[in-house]
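Protein chains: 2
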Amino acid sequence: MSRVIEITELALRDAHQSLLATRMALDDMTPVCEDIDNAGYWSVECWGGATFDSCIRFLNEDPWERLRIFRKLLPKSRLQMLLRGQNLLGYRHYEDGVVERFVEKAASNGMDVFRIFDALNDVRNLKTSIDAVKKTGKHAQGTICYTISPLHTVAAFVEMAERLQAMGCDSICIKDMAGLLKPQPAYDLVKGIKEKCGEQMLVHVHTHATTGVTLVSLMKAIEAGCDIVDTAISSLSLGPGHNPTESLVEMLEGTGYETRLDKARVLRVSNHFASIRPRYREFFSEFTGVDTEIFKSQIPGGMISNMESQLKGQGAADRLQEVLLEVPNVRKDAGYPPLVTPSSQIVGSQAVFNVLMGKYKVMTGEFVDLMLGYYGSTLGEKNPEVLKKAEAQAKKPPITCRPADLLKPEWEQLSAAAHALEGNNGSDEDVLTYAMFPQVAPKFFKTRAEGRKNLGKDPSRKSVESKPPAAPGSGQERRAKATYLITLNGQEHRVTVLPER
Amino acid sequence: MSRVIEITELALRDAHQSLLATRMALDDMTPVCEDIDNAGYWSVECWGGATFDSCIRFLNEDPWERLRIFRKLLPKSRLQMLLRGQNLLGYRHYEDGVVERFVEKAASNGMDVFRIFDALNDVRNLKTSIDAVKKTGKHAQGTICYTISPLHTVAAFVEMAERLQAMGCDSICIKDMAGLLKPQPAYDLVKGIKEKCGEQMLVHVHTHATTGVTLVSLMKAIEAGCDIVDTAISSLSLGPGHNPTESLVEMLEGTGYETRLDKARVLRVSNHFASIRPRYREFFSEFTGVDTEIFKSQIPGGMISNMESQLKGQGAADRLQEVLLEVPNVRKDAGYPPLVTPSSQIVGSQAVFNVLMGKYKVMTGEFVDLMLGYYGSTLGEKNPEVLKKAEAQAKKPPITCRPADLLKPEWEQLSAAAHALEGNNGSDEDVLTYAMFPQVAPKFFKTRAEGRKNLGKDPSRKSVESKPPAAPGSGQERRAKATYLITLNGQEHRVTVLPER
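Chains E and Z supply the protein sequences, listed in that same order. Going by my numbering, the first sequence opens with residue 1, and the numbers climb by one from there. Going by my numbering, the second sequence opens with residue 1, and the numbers climb by one from there.
Hint data in this document are derived by calculation from the structure and do not stem from the laboratory. Hints are supplied without guarantee of correctness; some may be wrong.
Since the list gives no way to pick out one identical chain from another, each pair is judged satisfied if it fits inside one copy or across any two copies.
In silico DSBU-like pairs for lysine-lysine, Cα to Cα no more than 30 Å straight-line [unchecked claim]: (1) 396 - 361; (2) 312 - 396; (3) 312 - 263; (4) 296 - 138; (5) 457 - 312; (6) 263 - 332; (7) 296 - 76; (8) 263 - 296; (9) 263 - 76; (10) 453 - 296; (11) 389 - 359; (12) 191 - 134; (13) 332 - 134; (14) 453 - 105.
Just need the whole structure built from these sequences, with the hints factored in.
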């Protein structure tokens, strides 16, 4: 008797986010939904992450409508999304009422499985979302962001899993966003979670293929008892993306494990995306091979190309090596945050500034907030000297409470501001869109009626505008002296810089 | 205490044969030899396979001189080559005296490890080479061509390993040329060989990355006791090539296995080839992803593209699917040969002819020879009806002896013919070059003095001619009615067709 290993297909979200800068149009996904729906996946990741942003910024597409269409076209499937906990799909902390409203609306529009993570692994930032998901009766998946540091031991991660379990999570995800999860730690981690949380606790492993080793890690995770793994259809796999679905299926033959996937359906899914993918050539990730240097620098590939372009912008492209060596120092000073949106950008930008302008001579506003606890707590202690500098610069105290505890109810305000915008349709969904992307939503509401864009270059279609809009102005809550706009994996991030005083 | 896993680096031979159509020039390899020599590899594969052919056909380079240069630049390393048993590096069976002479010369010019295989796994075709290697005191590696069929069980392969051991082989190689070796069979096979041949018998595993699963297979092979694995430096890896060296190293961390590789040296090797590779863009393999359809068709990717171009040449490109379905039938009729040079071309071409002209209405001369035993014996029985047709067409009887037993001593003749050629330097090496490539050697001898070509497109170098020469005339021993020139993985093959009578 073989044990069934369940699969989550990433093609509709993380695969094109990682490989095609999140630009895949809904119209290039709908034709294959029937095959996906009948292929035997445990779930279909299709929403959240950077797709929401990309929809309104680049595709003139209502992300809520995208969700409803997926719900309709994937009637048999669990729909799955990636949610950044208290940040929702935006880049700041939201007050609990907004978080609850978002989860309610995502659930009522069709979402089934909420994979909820916090960039710092601060479980307090997950609590409101987990509770909200439980209230809707949907599946709350608590997420461990996998990273490597002297403090990130298997025991520490397992303890985090126990906390997620205690918070009511239906499953635990080990999220390896940079391909750093090696086979032995994968085995030990899954084993540890199963031992401490019980065999019945579903363990779900997400890896990227970047370093070339993670299909082996999935094998080891499975041997240790992992229930569900994430893969992407082969035609949208590898490089900075994920391990190929078909390879996972084939790899298990004769091992005592098997998937439920219908190979004929899977082949059709693969053929579909193989035919669609070339249309997005201009968005292709340049990196398609394997990069094991990440193990040394522990810097995700996308972060490196981002720092590269920051350096180029400053005429200092030749200083990348110094920056790569500085990143681990900055990360240590900040208490070893995992490097994932937004901590990866915050740490990366600060490393750039340290190299260009001297060590902590200039601190970004975001880095100051990170040091002072405004993103949450980190596993490690902060460097006290850097902390002192940050405090002096920010003129605000460090905090130890949950960041969102400082926020006042904001739904009414957000609602009023959103409803005042031209083209707003009066729904709570539109309020949430505005709440997450206040700089992008106004233009989107205005142009929404023009219909969805498809940036894929089809010979039979006219070429469409694909350049991102100009950089939005800096937010009003920042005393910014300089603003940098950073694009990373298809997401734009604003980094504000406060000069040292 | 970790067990040391030894590594063979493929960058200098199979990696560029698989990814760059065997076109890498010696001058793009020599600068990195010092790093390779000091990186801690068990051996460096750098000769044989298609490189000999490519040297004289495309690069105007003396392959024997290439070997001597490698010997000089890699003084600490075991040099390794791939040898097609009784076929040497050519495409026909050679008389034993020629085989012995070849091995002697390869050894005296610096070769250390001879990986010897036969496309049909007929060990009689390996015997002369193995004996010759043993006589030189060098390392004779007996090779099992891994394939999948109802007859190719683990037990059958293990039995072959025992035969190779009995023949005096110093190690056993499991050669998976199409990426078909899945994790569980890899484990079972290595385990079986170790059990039957003894723990002391070195087991060496060679896989291609084509299907995406074989790094997992290497892990399982290692767990089963495998001593040495083949990998290619990451910048020359994946796609139809091999698993990345660096990923293998990283994957083992914490597992109780480790390599002896110096990561700093390995990084320099990788950076070197990353900088060189783009020069060979025009030779890049088009396929760079993962293809698991091979498991169904069991047809190597290179063979498919070859059949595709044959079909296109006949204006029948739309019939590929029929051909893909026909290949397994032809293979079964021929007694389930593994599909590797030259059996892959022979079976593939016959499948094309079966589809285009009716089942065995037209048989290629090579297919007839395969059916009649002139390439050796296969594990399976031949289809008696097809055998009868082949016999009728060929007007010669089937044989059961070792094919080379029918050959008369030919060294004197070959020697006389070679020495008569313009530019021949009178060496035994030149005779061997002529013996293996009688159509290409004459031109090569004539132009040798002009020096090595480098087909890599360097902006600082002038573009050079890179088209293969026109098809050579058909050989005199064939009563050919039509000749097809087939290019597969950078090797050209002549297929002659005899119409049915």
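Here is what the structure says about each hint:
no., hint, verdict
1, 396 - 361, "within (18 Å within a copy, 88 Å between copies)"
2, 312 - 396, "neither (33 Å within a copy, 72 Å between copies)"
3, 312 - 263, "between (46 Å within a copy, 29 Å between copies)"
4, 296 - 138, "neither (39 Å within a copy, 39 Å between copies)"
5, 457 - 312, "both (29 Å within a copy, 27 Å between copies)"
6, 263 - 332, "between (46 Å within a copy, 24 Å between copies)"
7, 296 - 76, "between (43 Å within a copy, 28 Å between copies)"
8, 263 - 296, "between (38 Å within a copy, 10 Å between copies)"
9, 263 - 76, "within (18 Å within a copy, 48 Å between copies)"
10, 453 - 296, "neither (41 Å within a copy, 38 Å between copies)"
11, 389 - 359, "within (11 Å within a copy, 82 Å between copies)"
12, 191 - 134, "within (26 Å within a copy, 49 Å between copies)"
13, 332 - 134, "neither (35 Å within a copy, 57 Å between copies)"
14, 453 - 105, "within (24 Å within a copy, 66 Å between copies)"
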